[in-house]
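S.K.: When you get a sec, could you build the whole thing from the sequences and use the hints?
Numbering (numbering that gives the first Met the number 0), first residue to last: 0 to 81.
Straight-line Cα separation of at most 25 Å, DSS-like style, residue types lysine-lysine; simulated pairs:
1. Lys37 <-> Lys56
2. Lys28 <-> Lys56
3. Lys64 <-> Lys48
4. Lys48 <-> Lys37
5. Lys7 <-> Lys21
In short, the hints are calculated from the structure, not lab data.
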Amino acid sequence: MANTTGKKHGGRQKGTPNRLTKELRAALKDILYNEMEKVGGYLEELEPKERLEIIIKLMPYVFPKVENTSHTANEPMDWDIN
Numbered sequence: 000m001a002n003t004t005g006k007k008h009g010g011r012q013k014g015t016p017n018r019l020t021k022e023l024r025a026a027l028k029d030i031l032y033n034e035m036e037k038v039g040g041y042l043e044e045l046e047p048k049e050r051l052e053i054i055i056k057l058m059p060y061v062f063p064k065v066e067n068t069s070h071t072a073n074e075p076m077d078w079d080i081n
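M.R.: Rendered as structure tokens:
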């Protein structure tokens, strides 16, 4: 018979982390830390063009994206040029 009361019976309590996800994240974190020590050597083995392409692809993960701002109507503008 299906539960039609809307109350949860059994399972994890709210806020309890998933054990498998926690273990997988820990394993991937260890792998990533080990590889980060080798990245410099990997980059040195590449041709300059390839190295630059990799660095450009990694930049969004290090630097925040700059958003365009524009002037809107009825907003005072400061043109104080000295």
